[in-house]
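A.B. asks: Whenever a hint applies, use it, and build me the whole structure from the sequences.
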Amino acid sequence: MDKHRQGATASYVVLALCAVVWVVLPAAVHRFAQEAFAEFQAPALHLAGKARDLARFWELKSRDKEEILAASRDLARANAALELQLRRYEDIRKENVRLREMLRYNPPPEYLTVVARVAVRDSSTWWQRIVIRKGSDDGVRAGCPVIFSDRVIGKVAVAHHTTSEVDLITSPNFRCTGFLESDEQNRIVLITGAPGRGLASGRSRVTAIPQDYVYPVGNAPKVTTTGLGGVYPAGLILGHLEGGQRTTQDGNFRESSLTPTRDLFSLQEVTVLVPKYPTPGEILLEDQAQKRLDELR
Amino acid sequence: MRETPAAEALPSSPIAKARLYLVFLLFAVGFGYVIVGLALRQLIQTGDLKAQYDTQSRRVVLRPPSRGLIYDRNGYVLVENRIRWSIKADLLALQPEIHRKYLALIKAERVRGAPVEFDKLQDKARLEVLQGWLDRVWYVIDEVQPNKRTGARPRPVRPDDEPERRVNAADLRKHLRERRALPFVLVTDLAFPGSGRALRPEEGQRTIARFIDQFPVNGPISLQSDIVRSYPHGSLAAHVLGYIKDTDELPEKVNELADLPMDNLQKLQYTGKKGASGIEQTFDAVLKGMSGWELWTKTSSGYNKELVASNPAQQGSAVNLSLDRDIQCAAERALAQIKDSKGELLPGAAVMLDVNTGEILALASQPTFDPNRLADRVTQVYFDEVDGKGGWMNRAIQGLYAPGSTFKVITAIAGLRHGIVDWDDILECGPSFRVGARDFPEHDPAGYGQVNLEKMLAVSCNVWNYMVGVRLGQPRLAAEARRFGLDTPLLTHVSDLVNGSPYELPYPAARTLVVPDAAYKQRNGFGPWTDGDTANSSIGQGYILTTPLHMACVAASLARGETRTTPSIIHDPGRDGRHVGAEPIGITEAQLTALRSGLERCVTEGTARTVRIPELPYAAKTGTSEYFKNGEKAHLAWIIGYAPADNPAVAFCVLVEGQLDTSTWGGKTAGPVARDMLTTWARKAEAPAGAQPPSDCQRK
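Chains as they are written, first to last, in the working numbering: chain A, 11 to 307; chain B, -19 to 680.
These are calculated hints, taken from the structure and not from any lab test.
Bear in mind that the values here come from a model prediction, so they are computed numbers and not experimental data.
Backbone N, C-alpha and C fix where the C-beta goes; we use that ideal spot for every residue, glycine too.
Some clues are possibly wrong.
Output of the computed footprint for chain A on chain B, the stretches with three or more beta carbons under 8 Å from beta carbons of chain A [what the hints assert, rightly or not]:
#1 74 to 84
#2 109 to 120
#3 289 to 297
#4 338 to 346
Going by beta-carbon spacing under 7 Å, a handful of chain B positions derived as facing chain A [what the hints assert, rightly or not]:
#5 Ile207
#6 Ser210
#7 Ser577
So these bits of chain A aren't anywhere near chain B, every CB distance computed over 10 Å [said to hold, decoys possible]:
#8 Gly17
#9 Val23
#10 Ala43
#11 Leu64
#12 Arg98
#13 Thr172
#14 Pro182
C.D. replies: In structure tokens form, the structure reads like this:
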């Protein structure tokens, strides 16, 4: 019995010693350990994601044939409609290019798209960060916008070799500019993630709403990206304004909550928009990462 | 009997016992002292100690409110607030980085073997760290992105860079001395990052968006938004609207802002704004709003630590001016087209009033200034530029001029009222009129022959007025001018809300209005009054000095058949149209009809015929008086009047300070400005009730 007690005490002592050593170690070692752990757990994350995909595959495979036939019929119709729409968009695109050339208008940034499956939601930060199964080996860079369809999901925070961590639009680390629906003057508002409230679904905050902005009657107004900052293309949906508004601390503006248009919990797949040329913001992030590496060395 | 264990523990020696009791006593006294002391502090001195705590460990930061908006009579915004995004550095969050830099600098100095000056190195470390962050900010916001294809890194500041790219050491020292608790401003306005270049609105928005979208979120550099004054139409009505300036004065009644013992607390304030001229100044009390406050705990080194409580600022109230944006725009545009033979802009002023209410629809003065360039700070270069052109003076209310022939209306009314002449009397008017030893000339060398009242007003006959004026005598002429309020300051305001000022607009020249008489001439050492002075006065020349606004009021009064008009720059839909000191002109209906008919003939066949508006019959009287400009004789071009002629709704006055070589004349030079104002007014008046016709006065 005494031996057991001594063994238990020794474990506590060792744990305490380890904790003290961890605290005392330089910050560079901490960061090194974190990076190493991220790379170490990447295969496990891949595996977990693929297992989930497999489970989904078998779940779909077990469906009734008639059901699948009906679904493929619907899909064919939708495809035909989309084909038509695509042709129309192609005409508009050509017209757009022609007009830009005529006006010598500076073209917006070009993006490469990287489609990525969601591997896991980072359990330490709940809805504020997800891990996707594409990383720097696939061309993903920190600072790149992440979207689903025409909706903004977030921004790549860290790009590892085979995985990337994405700060969701509800993360306090997320910030971007937006335009309010039916604001004729197109005044910029600021969208930031708001600190979480327990397990409730995520929210973002919209600040700098002009005092004279009048809500359109009916649906909650949409907030879309401005396309001015060189990161997000214009017109992507960030979410909808909630009704309640408060006057900001300085009394100059109003602020409100933003409800993301997509349930961030149910995300299966996202698209990373990789700007063709790195933006200054990306280079600053790279420099910070380089600085960290220098510290490690 | 067995003793208790406590008693057993006591020493048996009486001396030892006594010593022990003494120790007990000392302990008891000590504890008692502590307990009494604690009770004293907790129960009796609580208030004082709390106040001391507040004073030492907390501070109030005051946030100036945004100012109220200014609208024209139709609800168009003339002055608004623009969002300003600035970039600030949190010095408390930067402390570790500054400290690391400081240690590195000390190490470098020691390696070099140089004597270490710790204070200087501390300053240098702070400056270099802030400069590093400013370089990164510029790297992101700069329009030209050198990194776009080459991947170049942020470059360090160069000596030939604009001042905005460098952290100013003196500013930083001042900030640390006076406002250490507040963030340090790295870039004042993201929409105007360089003082030398004003970005177009979309460029400004791109700069703001680049920073917000790209700059790393977590860090010591934060984005803050506040409000700056914006004048969307640029220089439109600049003299009326005025401009604002920085103020660090604490708001009045600051201790009553919140239910806190504010008077004990240290107070810091973000720089606020107050009106420096125009409506911004006179209505400052209405426009300025109420400051917000934040109660912070502070660190021992004076930085803000934690926000305890706060209250948002409240925006100031709006002011609705009586101006009509479109008429004002038309007046200013027309004035801006009047140039001399060298292409230089001629100074001038234009006023239009609502005949019935006295509300001012337009009050323009040229040259002017752009209040947007004064909204943040007044640069000496811009001040001198405006000053050199004489652009600070509001000529419509501050400029003092001889009214010239427009005064003949007053001479005629005085003559009619005192029976010197009647409306149908015909006077023989030759090429000149002799008074004493001097011939006073007619402006037409041939003379006008037989002239009655109507013809006099149509052709602006001088001799008719010399004759009537001399027969009247100066006392009666001056009394008539005073009846029409030419010696009375205008734009007085009935409300005491306006900073205790009796005027709606700054009015420094009010005391120098001159309606001359013998006493005036004597008082100023010009000698005794003569008939020649009276002849001069009768045609609005000589010592008489008035403002364009006064002459517009004379026109409005004539249109109503009264003597006084109380003008106002504030729009009040319920204004009753009563005018302070107004009385009927005091002439017969026939005389008044002849007078008005003469003014109409002035437009149809007289001196204002070149600016006739076929679809809008109106009444006017032109004037061309002489004055001395830089020692040389020059002309002042005037026109006053009202429209429509049969049912007057608006009255106007235009003045242009001309020069002899440009042949400046009332009808020819000032007339087109009046015509443009009237055309714009007519276009708006014809629009269906409640509708506004398309405007060509756009935001800039």
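A.B. asks: So, against the hints stated earlier in the document, which numbers end up violated here?
C.D. replies: 1, 4, 6, 7, 14
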